[in-house]
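Undergrad: In case you want the letters, here they are:
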Amino acid sequence: MFFQQLISGMAVGSIYALIALGFVIIYKATEVINFAQGELMVWGAFLVLTLTTSLGLPLWSSLLLSLFLMALFGMLLEVLAIRRLVGKHVFSIVMATIGLSFVLRHLAGIIWSYDNFPFPSLFPRQPLSIMGLTTISSSHLGIILASFALMALLFLFFKFTSLGLAMRASQQNQLGASIVGISVKRIFSMTWALAAILGAIAGILIAPVQFLNVNLGYLGLKAFPAAVLGGFGSIPGAIVGGLIIGISENLAGTFLATWVRDIFAYIILLGILMIRPEGIFGLQEKKRV
Amino acid sequence: MKNRVLFLVSILFLGGLFLQPPASSAADPGVTDDQVLVGAIMDLTGHMAFLGKEIIHGAELYFRHINEKGGVYGRKIKLLVEDDMAQFPRALAAAKKLVERDKVFCFFSTLGQGSTDTIVPFLEKEKIPLVAPFSQSSALIHPPKRYIFQATVSTELQGRLIIDFIVNHLKQPKSKIGTLVQADIYGEDLMKGLDRQAKKYGIKFVAEERFKRGAVDFSPQLQRLRSAGAEIVVVCTVIRETAAVLKEAKNMGWSVQIIGPSATSDPVVLHLAGEASEGYISMSISELLTSDHPGVKLYKEMHEKYDPKHKMGAYSQMGFEAGMVFVEGLRLAGKDLTRESLVNGLEKMKAYNAMGLSLTFGPDDREGGTSALFIKGTKGKYVPMTGWMMVAD
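Those protein sequences? They're chains A and B, same order as listed.
Quick note on numbering: our numbering labels position 153 of the first sequence as 153, and the sequence is numbered without any gaps.
Quick note on numbering: our numbering labels position 156 of the second sequence as 156, and the sequence is numbered without any gaps.
If you are wondering where the hints come from, they were derived from the structure by calculation, not from laboratory data.
Small disclaimer: the values here were computed from a predicted structure and weren't measured.
Only true hints are included.
Label-pair ranges, simulated between beta-carbon atoms:
1) A:F148 / B:K381: 37 to 45 angstroms
2) B:K199 / A:I110: 47 to 55 angstroms
3) A:V94 / B:K297: 50 to 58 angstroms
4) A:L55 / B:S341: 49 to 57 angstroms
5) B:P29 / A:I110: 31 to 39 angstroms
6) A:I280 / B:A228: 36 to 44 angstroms
7) B:N353 / A:G271: 53 to 61 angstroms
8) B:E275 / A:V103: 36 to 44 angstroms
9) B:N344 / A:V94: 50 to 58 angstroms
10) B:S175 / A:L256: 28 to 36 angstroms
11) A:Y218 / B:K297: 39 to 47 angstroms
12) B:R331 / A:L256: 54 to 62 angstroms
13) B:D292 / A:Q126: 38 to 46 angstroms
14) A:L72 / B:N353: 51 to 59 angstroms
Note that CB positions come from ideal geometry on N, CA and C, so glycine has one too.
Construct the entire structure; sequences and hints are all you get.
TA: Take a look at the structure:
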């Protein structure tokens, strides 16, 4: 049972990691904390559903088309709602993105209704038997592998592509990057496009397990402690934080008491903020005034 | 000069306050010669949105049918629905708005035990009847409250019926039973019934698990139930959680018999769970849509007539049934419609069979229904397993 809970914890932890990654890349680029990240999950998954059921497209085409559309959607949100917030008071930014999350959630409810929808699974349904000793869910294993593959792709993207390098440069020093000829506005757009893609993938991975409905975005709030735990502003931190929270809340829920699971992420969040507020990988940033 | 004007204006104002026309005599608010205004509080956008929408859909279907025939004693029914998003404080705010601003005559259906419990003290104080709340809490009717008429089967009774079913119908009195219930009044109420009847037969549950309302991951609880050796798992869930439990059990490769209360009787549960729904047993408190009960036939006819595109289901059927009960109450109240006459009228309801469930109220009886039938998920549809059963005492 421990092993099964470990795997399912890693699966949900991978989802938290993907959402936290979305938070972190936006934060690193623009210092905007995007509370609407969870809603991007929901929209991405609903787009896939619409493309497969209403337009009858095959699953993989719908997935790719949905990611493309979500990237555009992310850029649209950035231009319409977020760009003016950059550099403003952090309270305004937080309020605006919280407001954005409400709008997106209820817009989704108006478009697709508030019902629950079964979502096609990318992975086979049969449980896998590990050496005849125990069985684990194929979907959980699939989520873990897909997330790790995605994170590896992201790593390669940031290290070896010119856009990735430009984004990192812009995150480190906006002024320096623009002097070197990097269009910072373009970086903002691309960052939101990337965050939207990450959110959509997270939604597509989790929707088959949890049924798709517009309130699935609340999962995004659980990813926030993950980002803080890892060090808000650290990409590896987001991944590690997500996995830690996913695994520990699952194990705590199994071996301590069921209700512990629902609050464990926030217990960890409070603990981290008290003991080491910069998170595991975070660096204490000193801003020069 | 200014003071004088101010003085005169204040006198006029105060005078105006005292010179109000006398309050309208015996007539309660919300009732006119051609209309009765009724309030409902539903979750339309929260996590029980599906239920809320369906119930109102069914009720409005019936009210439209009645209104087109001229209403009850010439009064057409107008339903005002407020959204409480499954949040209890909002339910109370909605109730106050409906009473104080919209001046409804009475309440017809509220969704959820939490929301209903929150507004009951207010309604009792204002002496406003609530007919057919969608709350199956036994605390609502024991002790009975004068203005609250529960026209369904309480979860406590359902719990007792489930144990009876396992022992007498499935004939498996020795099987190991585990429970998985929502950690709130809904789940605790079912547990009360399960415990009470289990004690009668000398059954002990091998494991008792709980989950928080809205949860979607049941693997820890199911793992523990499996380790405890459960052969039957009784769940107290609604729509999504039932489907999630069924899917999780299948993912675990565990073929266990899962049984649930009437809230899980909507075919959407089978649809969400897909293949994992095969063999799931639910309770039902209305005849299935395949039955030739006159109430079912009327529901199907009205559906076809007014909204053929909508997919029929148990919750819209229950809303329709609740509408039928309410209209019957209006009829029994008589032409002179007041809140008290509605209460007196409903108390006279004896064995009213709207959709299969026989409803009876009385001077101290607000329970309504005391029987149910069991249905089984077979190839994506529910089929009846038993006839209407009552609790073995």
